[in-house]
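So the sequence lines, in the order shown, correspond to chains A and B.
Per the numbering used here, numbering through the first sequence is continuous, rising by one, with the last residue being 292.
Per the numbering used here, numbering through the second sequence is continuous, rising by one, with the last residue being 292.
Bear in mind the hints are in silico, worked out from the structure with no lab data behind them.
Hints are not guaranteed to be accurate.
[Said to hold, decoys possible] Quick list of in silico lysine-lysine cross-link-like pairs, BS3-like style, CA-CA up to 30 Å:
1) B:Lys110 <-> A:Lys111
2) B:Lys23 <-> B:Lys48
3) B:Lys166 <-> A:Lys166
4) B:Lys110 <-> B:Lys259
5) A:Lys48 <-> A:Lys245
6) A:Lys111 <-> A:Lys245
7) A:Lys48 <-> A:Lys259
8) A:Lys166 <-> A:Lys245
9) A:Lys7 <-> A:Lys19
10) A:Lys110 <-> B:Lys110
11) A:Lys166 <-> A:Lys19
12) B:Lys23 <-> A:Lys111
13) A:Lys245 <-> B:Lys111
14) B:Lys245 <-> B:Lys259
15) B:Lys245 <-> A:Lys110
16) A:Lys7 <-> A:Lys23
17) B:Lys204 <-> B:Lys7
18) B:Lys111 <-> B:Lys245
19) B:Lys166 <-> B:Lys23
20) B:Lys111 <-> B:Lys48
21) A:Lys110 <-> B:Lys111
22) B:Lys48 <-> A:Lys111
23) A:Lys23 <-> A:Lys111
24) B:Lys48 <-> A:Lys110
25) B:Lys110 <-> A:Lys245
26) A:Lys166 <-> A:Lys204
27) B:Lys111 <-> A:Lys111
28) A:Lys166 <-> B:Lys111
29) B:Lys166 <-> B:Lys204
30) A:Lys110 <-> A:Lys245
2 protein chains.
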Amino acid sequence: MDHKTYVQNTQNLTDKLLDKYIPSDQSEPALLHEAMRYSVMAGGKRLRPVLAKATYDYCGGDEASAVSSIHKAMAALEMVHTYSLIHDDLPCMDDDDLRRGIPTCHKKFGVAVATLAGDALHVIAFQLMAETGSSQVVLELAQAVGTSGMLGGQMADIEAEGKVVSAEEVRNIHIKKTGALIRGAVRIGALLAETPGDTLKRLTHYGEMIGLAFQIIDDILDIEGDQKLLGKSPGSDSKNRKATYPGVIGVEAARKEANRLIDEALSVFNSEDDSALQYLARYIGQREH
Amino acid sequence: MDHKTYVQNTQNLTDKLLDKYIPSDQSEPALLHEAMRYSVMAGGKRLRPVLAKATYDYCGGDEASAVSSIHKAMAALEMVHTYSLIHDDLPCMDDDDLRRGIPTCHKKFGVAVATLAGDALHVIAFQLMAETGSSQVVLELAQAVGTSGMLGGQMADIEAEGKVVSAEEVRNIHIKKTGALIRGAVRIGALLAETPGDTLKRLTHYGEMIGLAFQIIDDILDIEGDQKLLGKSPGSDSKNRKATYPGVIGVEAARKEANRLIDEALSVFNSEDDSALQYLARYIGQREH
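My request is simple: use the sequences and hints to build the entire structure.
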C-alpha cells in the first residue's frame, strides 16, 4: 500500500471509530450527543489520529491489540482536538461563524450546548485513553492538553491579541497551542507500541518539528488561503489581531522556517526508512488547506 | 477523634492538597492559574473529597499509600466540581454573579478566561486520577462526569428550563447533575481502598441516596435560604425557572423525601458501625447552607 492510500484508509478508520465511540444521538441527552457528532463528523484531516496510528505502525505496534489500544487513542485525540476547536470558536474567544465549511457548533446549537459539547468530548477522550489500560497515555494526553500545553497556548494567544509580540513569543504560543497535541499524538502512538526510549526520543523530536511547522503553515494559509479549501473565513487571524508567524517575520521567512522544520523532522529517520510518518511530514510542508 | 473534627481536618487537608496540585499563579500562564486558584480556593464544603476520604478510611484504605492515591483523588474530585460550577455560572448557562460568597469566575476574569479555567481544572483532575496508577478510577470519574452523568444532567437541566416537568424528571436530572459525582466520590474512595464487591455495592447505594438528598435540600435552601450562608443569591432557581423538587411537589414533601433518602443511606451500615460516613449523611440531612 502506498503512503497516500495508507493515510486515506486511516482517515476513514478514524471516522468509523468516532462514530463508534460517540454516543448515538438517539440516546439521551440526544441534543448534546447530536452537537458532539455535528462537530466531530464535520470532517477535517484527522491529522492527530493518523499521526498516532502511523507512529504505532512505524514502531511495530501489535496488530491484534490495536482495537483496544491505538484505535481508542485515535478517537480520543480527534475528540480532544474538536473540543478545543468548539471552545476556541465561542463568542468569548475567537467568535468564529464557520468551521470545516459549516456553521460552528454554537452557531448551530447555541453557546450553552456548544460549551457542554466541548466538555463532553473532553471527558470521553480521557475515558477512551483510560480504557487502553495504560495510565501513561492518560498522563501524556493531560500534559498535552493542560496549562503547560494546549490550554496554556490558548491563554497566551488571548493575552497576545492586539499586542506587539516577538517571533520567540509567537513560537512559544504555537508550540503549546498546536504543537503539544501533535507531539502528544506521536508519543501516544509510540507508547502504546511499547517503543524503547531512544526511538521515543527521536519521534518526540519529529512531533515537535511537524507540530510547529503545521501551525506556521496554518498562519500562512490564513493569509493566502481560499475559503472553500480552508473551510473557514481566511483573514480571521488578522481580523482578531492574532500573533502569527507571517505577521511577525513575513510570509517568505515563515515559509522558509516551515521548510527548515520539516527537514529537521525528516532527519530523525534512518536512511532505509520509508514510512507514512515521512510522507506526512512532507504533506504538512506542502499542504494547501 | 470525633466525626466533626475528622470532617474539619479532612476539609483542611483538601485545601492543602488543592494548593499543592494547582500550578502556582507565579508560573505561566499566570492569569489562568490565578483564575483556577480563585475559584477553587474560594472555599466550599469540600463534600466530594471528604466523602471519598471517609469512604477510603471506612474501607480500611492503606495509610502509607494515601499520599499517592486517595489524596490525589480528593483534589481531583474538588477540581471537577469547581470546573462544573465555573461553566454552570457562565452567561450562556445560569448567568450567576455570586458563588461561594464572591464574584463568579467570569465576573472576575471575563468569560474567555473562565471557560479556559474550567477546562484546565477538568484536565488536571484526570491527570491526578491517572497518577494514582489506577485506570479504574479514571474510568469512574469519566462515567460520573460524562453525558450519562453530570454533563447529561446539566444538559437536561437546560432543556427543562421554563417547562412543566414531573417529579420523575426532576429526580432524573438531580441523579445525573449532582448525584453522579457524589456517587463517584464514594466509589473512588472505595476502589482505591480495594474494597470487595459487596461492600462497594452497599456504599454505591449510600452514595446514590445522599447525592439525591443533597440536591433536594439544595433546592429547598434556594427557596428558604439566607444569602450570607448560601454564598449565592437565593431564589436563583425560580429566577431561572429551574426544575426543582419543592417546585414540583412542595417544600414539605421535598423535605420528607430527603429525610427518607438519608434514612435509606444510613440503612446500608451494620449496627456496630459508627463512621464519618453516617455522620456525613446526617449532616447533609440537616444542613442549612
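Outcome of the hint check:
no.	hint	result
1	B:Lys110 <-> A:Lys111	holds (26 Å)
2	B:Lys23 <-> B:Lys48	holds (18 Å)
3	B:Lys166 <-> A:Lys166	violated (46 Å)
4	B:Lys110 <-> B:Lys259	violated (37 Å)
5	A:Lys48 <-> A:Lys245	holds (23 Å)
6	A:Lys111 <-> A:Lys245	holds (25 Å)
7	A:Lys48 <-> A:Lys259	holds (24 Å)
8	A:Lys166 <-> A:Lys245	holds (9 Å)
9	A:Lys7 <-> A:Lys19	holds (19 Å)
10	A:Lys110 <-> B:Lys110	holds (24 Å)
11	A:Lys166 <-> A:Lys19	violated (43 Å)
12	B:Lys23 <-> A:Lys111	violated (40 Å)
13	A:Lys245 <-> B:Lys111	holds (24 Å)
14	B:Lys245 <-> B:Lys259	holds (21 Å)
15	B:Lys245 <-> A:Lys110	holds (24 Å)
16	A:Lys7 <-> A:Lys23	holds (24 Å)
17	B:Lys204 <-> B:Lys7	holds (26 Å)
18	B:Lys111 <-> B:Lys245	holds (25 Å)
19	B:Lys166 <-> B:Lys23	violated (44 Å)
20	B:Lys111 <-> B:Lys48	holds (22 Å)
21	A:Lys110 <-> B:Lys111	holds (26 Å)
22	B:Lys48 <-> A:Lys111	violated (38 Å)
23	A:Lys23 <-> A:Lys111	holds (23 Å)
24	B:Lys48 <-> A:Lys110	violated (37 Å)
25	B:Lys110 <-> A:Lys245	holds (24 Å)
26	A:Lys166 <-> A:Lys204	violated (35 Å)
27	B:Lys111 <-> A:Lys111	holds (29 Å)
28	A:Lys166 <-> B:Lys111	holds (22 Å)
29	B:Lys166 <-> B:Lys204	violated (35 Å)
30	A:Lys110 <-> A:Lys245	holds (22 Å)
Violated hints, in rising order: 3, 4, 11, 12, 19, 22, 24, 26 and 29; the structure is consistent with all others.
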